[in-house]
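Participant: This is what each chain is made of:
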Amino acid sequence: MLEIKKLSVSVEKNKILDNLDLTIGSGEVHAIMGPNGSGKSTIAHTLAGNPNYNVDSGQALFNGKDLFELDPSERSLEGLFLAFQYPIELPGVSNASYLKQILNVHRKYEGKDPIDAAEFLKILKEKSNRLNIPMEMHSRFVNTGFSGGEKKKNEVLQMDFLNPSLVIMDETDSGLDVDALRQTSEAVNQLRSSDRSFIIITHYLRLLEYIEPDYVHVFQDGKIVESGDKKLAHKIDKEGYAT
Amino acid sequence: MNKLNKDNFKQDSYKHGFVTDIESEKIPRGLNEEVVKIISKKKNEPQWMLDWRLKAFNRLEVMKKPDWGKVKFDEINFQDIYYYSSPKGFEDKPKSLDEVDPKLLETYEKLGIPLKEQEVLAGVAVDAVFDSVSVATTFKEKLNEMGVIFCPISEAIQKHPELVKKYLGSVIPITDHFYATLNSAVFSDGSFVYVPKGVKCPMELSTYFRINASETGQFERTLIIADEGSYVSYLEGCTAPMRDENQLHAANVELVALDNAEIKYSTVQNWYPGDENGKGGIYNFVTKRGLCKGKNSKISWTQIETGSAITWKYPSCILRGDNSIGEFYSVAITNNYQQADTGTKMIHLGKNTKSKIISKGISAGKSSNTYRGLVKFNRKAENAKNITQCDSLLVGNTCSANTIPLTENNSNSSSIEHEATTSKISDEQLFYCMQRGLDAEQAQSLIVNGFCKEVLQKLPMEFAVEAQKLVSISLEGSVG
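First to last, the sequence lines map onto chains A and B. To convert, note that position 160 of the first sequence is 160 in this note's numbering; the numbers rise steadily by one, no gaps. To convert, note that position 47 of the second sequence is 47 in this note's numbering; the numbers rise steadily by one, no gaps.
It is possible that some hints are incorrect.
[Unchecked claim] Computed cross-link-like contacts, EDC-like style, restricted to lysine to aspartate or glutamate with a CA-CA straight-line distance of at most 20 Å: (1) K13/A / D427/B; (2) K108/A / E441/B; (3) K453/B / D214/A; (4) K127/A / D116/A; (5) K13/A / E145/B; (6) K100/A / E145/B; (7) K366/B / E466/B; (8) K159/B / D176/B; (9) K453/B / D116/A; (10) K231/A / D214/A; (11) K424/B / D214/A.
[As the list claims (entries may be wrong)] Okay, the calculated bits of chain A under chain B, using three or more residues with CB under 8 Å as the criterion: (12) 19 to 32; (13) 201 to 212.
Everything labelled a hint here was simulated from the structure, so no lab data went into it. Owing to the predicted nature of the structure, the values given are computational and were not obtained by experimental measurement. C-beta: ideal position from N, C-alpha, C; glycine also.
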């Protein structure tokens, strides 16, 4: 699914990722933990193609394609989804029309006709329900004036619409209260499948108690310093990152 | 991130740039008394109309051109322009569409404005003005049944002289300013609307202006009168071929709303903007003014300005009637080397008059975009209120945006609220949308349409979708 080889990334000439190797198989859930500034979000944004992150060397193969040859929209169309830590506001753009538009560009890429209005509304209701999102939210502008929890749920909702094969969740748990965390995690769990992989970036064990990872990696100074299964997350929760 | 094919840019970005191959009849170049007389004669005008024109012409000779706009252009040689051009054989106006040259009908069809009544948008009546003449007006009979007069102004001068005499120049006097006075002297065609007392006009009225002939100016004149308790919604659209030369378009539009009447006037201005190096394009120097003459009357201007090399216009409202309302909703988009200096004037004369201004300026490329507005409260305008909101959006680093809001308050009990913002399309917004699969252009267009939403939704529904597309197209090639 995803193969990262010797990846080095810098932001404004500061080296953040240093010779990173990581392989993610189909259907696997990988958690990335680590202290602030260790490069967790950098890996997320680099894979998604944020132009502020410069790939200095290395490679990332996504379903056999060289990811760094694709622009951000092509990566999305190929099935890579990033749930943002800080979702961006789009004033004046209603959430419903936005969801419909992003769904339709994906449908077009797959050679399908645009979705009809009734069908869209039906899916929207169904998917919103699962996340306990009120329909009223969709007539508001994308992320504009949304609470922290609403923004994060809206990210998961978009993920649900776009049917990605690789999901990167960048601190989706931050800003969520217990109920929202549970609802969001349940929605994510329902989306787990043998042909969809997840990279879950988090500081905290609590998210991983809901979404059980197959692997846990600890980032420090732009490198993976330790890998293991979910027990590693428990260990970190107790002992912290200090070694 | 930009995948735009530059070779196709020009063609793609201005879809109305074709020329209709049709023989035209022009009168000799230049501006003089003789030309004014010829135009009047071509239109078979009565003496009073010619006298009116000549009065304007004589006044023009002593007038100075306004030079305060934030626009730069080479001196216009007014003697070099053709002031009248019509498709050949238009001496006798065709009585029905069957007599109209098929090439003309084809032109409008290509522009998306079919003129055959069975094909047109239901609920929209169209007057089609080609260079200096009106070629067809649809749904005239149907409107007539309700007493609504919708016809070319040249016809109104013949058939409804009492209305024209009473109202022409009553809002924009012939002494107003250089370009308005020029129009008064040489105006050729445009639309005339009269909605009688108590009538709610049953359909959208629209005029489609097309400049086709080269080296020719278009000087249309529109007059709309809404009698007591009536309502009318009117829309104008404008396009022109792509040419290296600059062509002048100096229109006058006058609106009069009597007691309890409402006029909603929308413009989708898409004159040729010039090429990506700033060559060619229309100089759009337009005077639009509405008079809320009666009490409780309302005039609302909505404009989507995407075309023209230079746009210089300030659709205004004179709020004379007590409790009258003036509104101005504007989106002005400039790209490449376009220049726009546009805004409004709200002149509060009556008591409890209200005005609202929402202006959205979007600049890209090397363009310059200025909002200029005046809100004036007369001494007698007790309890008058104005709300002004001016937002500018910058695309890239080489464009400029300016906001020049002037206020003059002579009334103690009145209030003005003003808000202005300037923002840039952020890389974060673009990246966010692209991460969801939109390409750079789609992402930009989504963000810009969101920015303009407040104004776009004021357009009649039939045109809102078209306008959204136009907003996107106008900015093509500006993401890099």
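Participant: Taking the earlier hints as the rules, which of them does this structure contradict?
Facilitator: When the structure is compared with the hints, numbers 3, 5, 6, 7, 8, 9, 11, 12 and 13 turn out to be violated.
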